[in-house]
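Residue numbering for the sequence shown follows numbering that gives the first Met the number 0, starting at 0 and increasing by one per position.
Since the hints were made in silico from the structure, they are not lab data.
Where a beta carbon is used, it is the ideal one built from N, C-alpha and C, also for glycine.
One or more hints might be untrue.
Mimicking SDA-like on lysine to any residue, the simulated pairs with C-alpha atoms at most 25 Å apart in a straight line are [what the hints assert, rightly or not]:
#: 1; residue 1: K286; residue 2: L305
#: 2; residue 1: K77; residue 2: D97
#: 3; residue 1: K218; residue 2: H204
#: 4; residue 1: K112; residue 2: H80
#: 5; residue 1: K112; residue 2: N265
#: 6; residue 1: K88; residue 2: P308
#: 7; residue 1: K142; residue 2: R56
#: 8; residue 1: K283; residue 2: H204
#: 9; residue 1: K142; residue 2: R51
#: 10; residue 1: K61; residue 2: V144
#: 11; residue 1: K286; residue 2: H204
#: 12; residue 1: K218; residue 2: V238
#: 13; residue 1: K286; residue 2: N309
#: 14; residue 1: K283; residue 2: E249
#: 15; residue 1: K241; residue 2: G183
Restraint-style ranges between C-beta atoms, simulated for each label pair [said to hold, decoys possible]:
#: 16; residue 1: L101; residue 2: S34; range: 31 to 41 Å
#: 17; residue 1: G239; residue 2: S149; range: 55 to 65 Å
#: 18; residue 1: E90; residue 2: Q147; range: 24 to 34 Å
#: 19; residue 1: N99; residue 2: F252; range: 53 to 63 Å
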Amino acid sequence: MRIRLALRKDMNNPLKPEWANGRLHMEDVSAKPSSLHQARAVARVFIPEEARYAVFREGQLKDDVRVTAKIAAIQAAKNTHDLIPLHPKGELNYVEIDFNVLDGRVLIEAAVKAVTRQSLAMEALTAVNVAALTIVDFCREFKGVAIQESRILFPENRDTDIKITTHVMVGVLVISERILAGLGDDNAGRLLQEGFRSHGFTVNHYSVIANDPDKLAEKVQAWLEQDVELIITLGGNGVGRKDITINTLEPFFDFRLEGVEQSLLNRAQIVYDGFVTQRIAVGKIGKSFIVSLPLDEPLAREALALLAPNINALFEI
Numbered sequence: 000m001r002i003r004l005a006l007r008k009d010m011n012n013p014l015k016p017e018w019a020n021g022r023l024h025m026e027d028v029s030a031k032p033s034s035l036h037q038a039r040a041v042a043r044v045f046i047p048e049e050a051r052y053a054v055f056r057e058g059q060l061k062d063d064v065r066v067t068a069k070i071a072a073i074q075a076a077k078n079t080h081d082l083i084p085l086h087p088k089g090e091l092n093y094v095e096i097d098f099n100v101l102d103g104r105v106l107i108e109a110a111v112k113a114v115t116r117q118s119l120a121m122e123a124l125t126a127v128n129v130a131a132l133t134i135v136d137f138c139r140e141f142k143g144v145a146i147q148e149s150r151i152l153f154p155e156n157r158d159t160d161i162k163i164t165t166h167v168m169v170g171v172l173v174i175s176e177r178i179l180a181g182l183g184d185d186n187a188g189r190l191l192q193e194g195f196r197s198h199g200f201t202v203n204h205y206s207v208i209a210n211d212p213d214k215l216a217e218k219v220q221a222w223l224e225q226d227v228e229l230i231i232t233l234g235g236n237g238v239g240r241k242d243i244t245i246n247t248l249e250p251f252f253d254f255r256l257e258g259v260e261q262s263l264l265n266r267a268q269i270v271y272d273g274f275v276t277q278r279i280a281v282g283k284i285g286k287s288f289i290v291s292l293p294l295d296e297p298l299a300r301e302a303l304a305l306l307a308p309n310i311n312a313l314f315e316i
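Given the sequences, and given the hints that come with them, work out the whole structure.
Following this line, the structure appears as structure tokens:
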């Protein structure tokens, strides 16, 4: 989903240059796989001496202040998308708010978790800021009450956009008589080539062949001998009469990688609205890995988002 602004060319627009031409939009996270994200943030509120009786009791926050600020923070974290216009809507699985008082300062710390496609840093930051504002509201009539700090402690999980660290050679093999005859465009194969190159892989092997088991085995064998370490095949859906890819290659697998297959099937459920009839196979032959996918551009995009940042781990074992 994107939000676009149609801006008049003759207006004096104060936005950044890249925004002023109408390119302001939400970040598209739809291609990222869901994973566990975590984030923490902290804020500090200074309470002057004359105002401390309003919010402190025996050196700690009063119960009503603490409970109100905590509920406000949790509610704000869950509704961050309503407060920040271009922030994607997400579902939090866990929010915790802690308060500590030292020398008239209230330290507020938020921790958030969710299985999601996006960073949670803004949710954590929103939580501590709303908690701080709630505390300020309890003693707003006093001068000197101030929010002194508000920052992210650490932005959650690993970076899924990292470049690979080893030289991995990739080959994309399309099995389609229709594309071979020039009756269709190989959008899925082109997408995978460009996508893997953008992540730092070497993609020097690409071919389109007919639905012929012998030609398929011959081509894969040739690429294995040329040390192509990741071979991705695209063809049919794995269940049709002419879909020979998986049945041809599977007997040559040293073993299958069921975990990777399941991850790809989870992505396929998103593409196909939960009902998946297509077959997917991932296995190892010698030093190379084979990924057999249906010939489908949306699924190829999902597979790229999953494999490109993660497949390198297989070659570092």
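Please verify whether K77 and D97 have alpha carbons no more than 25 Å apart. 17 Å, holds
Regarding L101 and S34, is the given constraint of 31 to 41 Å on their beta-carbon distance met?
36 Å Cβ-Cβ, so the 31 to 41 Å window holds.
Distance restraint hint 55 to 65 Å, applied to the beta-carbon atoms of G239 and S149: The hint (55 to 65 Å, Cβ to Cβ) holds, given that G239 and S149 are roughly 57 Å apart.
- Query: Does the structure keep K218 and V238 at a Cα separation of 25 Å or less?
  - Reply: Holds - the C-alpha atoms of V238 and K218 are around 22 Å apart, at most 25 Å.
_Hint consistency between K112 and N265 [alpha-carbon to alpha-carbon, up to 25 Å]_ = Since the Cα atoms of K112 and N265 sit roughly 21 Å apart, the hinted pair holds (cutoff 25 Å).
Quiz item: Regarding the pair K241 and G183, is the alpha-carbon distance no greater than 25 Å?
Solution: At roughly 17 Å apart (the allowed maximum being 25 Å), G183 and K241 satisfy the hint.
Are the Cα positions of K218 and H204 separated by 25 Å at most?
Answer holds: K218 to H204 is near 11 Å, not above 25 Å.
message: What's the verdict on K283 and H204, does the C-alpha distance respect the 25 Å limit or exceed it?
response: 18 Å, holds
Checklist entry - Is K61 close enough to V144, meaning Cα to Cα at most 25 Å? => result Holds. K61 to V144 sits at ~17 Å (cutoff 25 Å).
**Asked** Given the hint that K286 pairs with L305, does the C-alpha gap stay at or below 25 Å?
**Response** Given pair K286, L305 holds - Cα atoms ~21 Å apart, limit 25 Å.
*Quickly compare the C-alpha distance for K142 and R51 to 25 Å and report which way the hint goes.*
Holds - the C-alpha atoms of R51 and K142 are around 12 Å apart, at most 25 Å.
Regarding the pair K286 and N309, is the alpha-carbon distance no greater than 25 Å?
Satisfied, since the Cα-Cα distance of roughly 17 Å is no more than 25 Å.
Hint compliance for this structure: every hint is met.
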